[in-house]
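Turn these sequences into a full structure, and let the hints guide you.
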Amino acid sequence: MIGWAIPGLARVLQRLPPIVLVAALACAPLARSARAEDPPPPPPTPSPIATSAARRALNVGAAIVPGLALHGAGHAAAGQWGTARSLFGIELAGLGVGAAGALTFWYSGASPKLVGPATALTLLGGSALVASWLADLYGVIASEGGTGAPERDLPWVEAGLGYRYVYDPRFLYRNLAGASLDLRFRPVHLAASAWTALDAENQRLRATLAYRLAGPRPARAGIAPADDGSFLDLSVGLTHHAYHNEQFARTLGEGFALGRLDLGRIGPTLVGSFAELGLGWALGSAGYARGQSEGLTLLLMRFAFGLYVGAPGRPRGEIALVYDHRHEDYVAGLLMSGVVSGVLGHFGLEGAVYFNDLWGVAAEVQAGSAALVGLSLRYRVPSGKVK
Amino acid sequence: MKRALRNGVGLIAGFFTGCFLPSSDRSVQDQDVGRAAADGVSIRVDDGLASVREVSDGALRFWAAAPILNIHASFAAGAVDTWTVTIDNCLPDATLTATAPNGRALPVTPLSGDFPTERRFRIERDREPDLDLSLRPPDADDTGTFRFALLSDIQEALDRVQDIYARMNQDPSIRFVLSAGDLTERGAPEEFERFQLELRSLRVPYYATLGNHDIASGDGLYQRYFGRGSARFVYRGVQFTLLDSASASIDPAVHDELSGWLTQGRDRVHVVAMHIPPLDPVGERNASFGSRNEAEALIGRFVQGKVDLTLYGHIHAYYAFANGGIPAFVSGGGGAHPEQLAGIGRHYLTVDIGEGGVGVTGVVRVDEPE
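Which chain is which? The protein sequence lines are A and B, in order.
Just so we're aligned: 294 in the working numbering is position 294 of the first sequence, and the numbers increase by one with no gaps anywhere.
Counting the second sequence from 1 gives a position; the working numbering is that position plus 1000.
Derived by calculation from the structure, the hints in this document are not laboratory data.
A few of these clues could be false.
[As the list claims (entries may be wrong)] Computed beta-carbon distance windows for the label pairs:
#, chain 1, residue 1, chain 2, residue 2, range
1, A, 338, B, 1193, 17 to 27 Å
2, A, 245, B, 1188, 53 to 63 Å
3, A, 102, B, 1115, 41 to 51 Å
4, A, 240, B, 1093, 47 to 57 Å
5, B, 1074, A, 375, 55 to 65 Å
6, A, 245, B, 1357, 23 to 33 Å
7, B, 1193, A, 165, 43 to 53 Å
8, B, 1188, A, 82, 43 to 53 Å
[Stated by the list, open to error] Keeping only pairs whose Cα atoms sit at most 20 Å apart, straight-line, the calculated EDC-like set for lysine to aspartate or glutamate is:
#, chain 1, residue 1, chain 2, residue 2
9, B, 1306, B, 1355
10, B, 1306, B, 1267
11, B, 1306, B, 1352
12, B, 1306, A, 294
13, A, 113, B, 1284
14, B, 1306, B, 1257
Just so it is clear, CB atoms sit at the ideal spot from N, CA and C, and this is done for glycine as well.
In structure tokens:
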């Protein structure tokens, strides 16, 4: 498996569409790490939006009508024209990029020579559209200062023990138990997880190694923490999923670029919210008990819009609405009748809250061709505690 | 309060069924195919291998979804004695026999049909209350090699399909056409009518499953016209299993039926066809099942069941690959908007097959000048 993985990883890097790398690297200047000589970041500018209930209701109404069509209308109603223009600009960019991808997909007849970039552009454009509208809604709903603040120093170690209930009418398993471990040292992040079914023979093992080009890292003496929660990671990963009852197993190696942008960088009313975008590619094989293995490839893509909750000294965490293009995890892809049958991935809502420096919980709900709810107990070793 | 709770549970159950079991309605509708009753006559087609188009006083009409049909008819007292049985989409040389439950053969008179695949027969039931009708071609038990064609994804090219049919008609060795779906663009009644009209020029029958476009106007319409979405038949020792994957998944009820079909096909040469393939040979595109997990589990079952050949549509090009070592072909060349830069346009596949196994497969291109 390892012998296969190394040349496979080289092929992964070769196959990442150039636009993915360009897009990912373009985010790097937005998530510059702080250095020792940098001054501490200024306190967030309080939102100047009027907070009377009636006015807020009007702004929220505008974010829906005409905001669903004209993203930023909520902020425009609130007199925040700069942020409104930025959100509208993101909407237009999303429409353009998404249309370019969708039209390429359609006119090429989903040609394999173009389908990877076409799909990536379509999903990119769709993500921008969703992010700009949700940001408009967030900005006019959230209280002054936003819903919360990001962790700017990450823990050295995070561990989790969890339970998942999965409803997939095509498989035997329903109840899963899992464990996860995250280790961070400077820009390097090693993550591993293992899930096993309690009522069937099914295991999913996963490990990723990421390098943080910019963004929050474990605290270091003499190094100021990151400005905010924005980050850019490049990672490689390996996933092995064994379906013993069905007598097949799948192993995938992947390359992935994931970036997060704290939307407070777009406008002061958006402080406390963030958008994430990740693109990548996976290569692997599926093996059958009595048949020949076959090669697999996947386009990977993740989009999230989220909020930070809480503040230093209080329970804090984050919650996000997620779209994941993976078709091979427990919930796989959406089942839809019509032209797009089989193409889309799955949606989810995930969040994690730490009650103090050490203990927290994480929860998730996902829906694709299966449904999943999960809860995890989490423990961390804060980097600020290590001298 | 109880009513609200019941409604709420019903709503949630409906939501889950719609999201995670999108083809469950169709699998239920499949069970009704081949059954009808009217004017004192009750009809049942074994395994739902024909759609019952008409049951009226003195007339029965069927659309055949397989070369061999076994039909059971029960007549109420007072029903007429003379019946005209019309079977559309029939092998041109198929014959119909009528037998009473006591084994007595009843006279069946072949009548002329209006086109090659329409067969009409007159039956004198001689007041027998029950009849077993059997439609069989003369080569039904011949174990030698025969040829069938695979043609899928006609869709918006319904008005341009005649050149494909004309090319097929030039090959007298083609016994029938198999289709992996997407006969029409929108699955609308006028499209199904047009499809039938165009099909009259083809001298052999067209046995199909449905595609994602065929259900665009709603579930149930395809079955009323052409029969089950998931079915199995045997011809000349070869088993053909057609599966409804039009919603990028296979319904659990069909998975259950498939268990029996795989067992029955294990010691035969076995061909499985469906519209959306479990795995797209171009993984990044994922014009395939929504769940890779379900896809690979299904291929694993094909491997264990010793399936010999898998055939797919949905992708408007030609691909030859393998699923777990089983030869697999995607052929979506019926004329729908083609995959560009693929080097192939409208085409169909020919497959030579028999009890000895799968022989030669060929691609017949219709987009090139002769």
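Evaluation of the provided hints:
1. Between residue 338 of chain A and residue 1193 of chain B the beta carbons are some 22 Å apart, a value that agrees with the proposed interval 17 to 27 Å.
2. Look at residue 245 of chain A against residue 1188 of chain B: about 42 Å separates their beta carbons, and that is not inside 53 to 63 Å.
3. For the pair residue 102 of chain A and residue 1115 of chain B, the supplied restraint of 41 to 51 Å holds, since their beta-carbon distance comes to about 42 Å.
4. Range check, residue 240 of chain A to residue 1093 of chain B: Cβ separation about 55 Å, and the 47 to 57 Å hint holds.
5. Look at residue 1074 of chain B against residue 375 of chain A: about 58 Å separates their beta carbons, and that is inside 55 to 65 Å.
6. Taking the beta carbon of each, residue 245 of chain A and residue 1357 of chain B are about 31 Å apart, inside 23 to 33 Å as hinted.
7. Checked against the hint of 43 to 53 Å, the C-beta distance between residue 1193 of chain B and residue 165 of chain A comes to roughly 48 Å, which is consistent with it.
8. A hinted range of 43 to 53 Å holds for the C-beta pair residue 1188 of chain B and residue 82 of chain A, which are about 50 Å apart.
9. This hinted pair checks out: residue 1306 of chain B and residue 1355 of chain B have alpha carbons roughly 14 Å apart, not beyond 20 Å.
10. Our distance criterion of 20 Å between C-alpha atoms is met by residue 1306 of chain B and residue 1267 of chain B, whose separation comes to about 8 Å.
11. For the hint linking residue 1306 of chain B to residue 1352 of chain B, the alpha-carbon distance of about 18 Å falls within 20 Å, and the restraint holds.
12. Restraint check for residue 1306 of chain B and residue 294 of chain A: satisfied, since their Cα atoms lie roughly 17 Å apart, inside the 20 Å limit.
13. Our distance criterion of 20 Å between C-alpha atoms is met by residue 113 of chain A and residue 1284 of chain B, whose separation comes to about 10 Å.
14. At roughly 17 Å between alpha-carbon atoms, residue 1306 of chain B and residue 1257 of chain B fall within 20 Å of each other, so this suggested pair holds.
When held up to the earlier numbered hints, the structure conflicts with hint 2 and nothing else.
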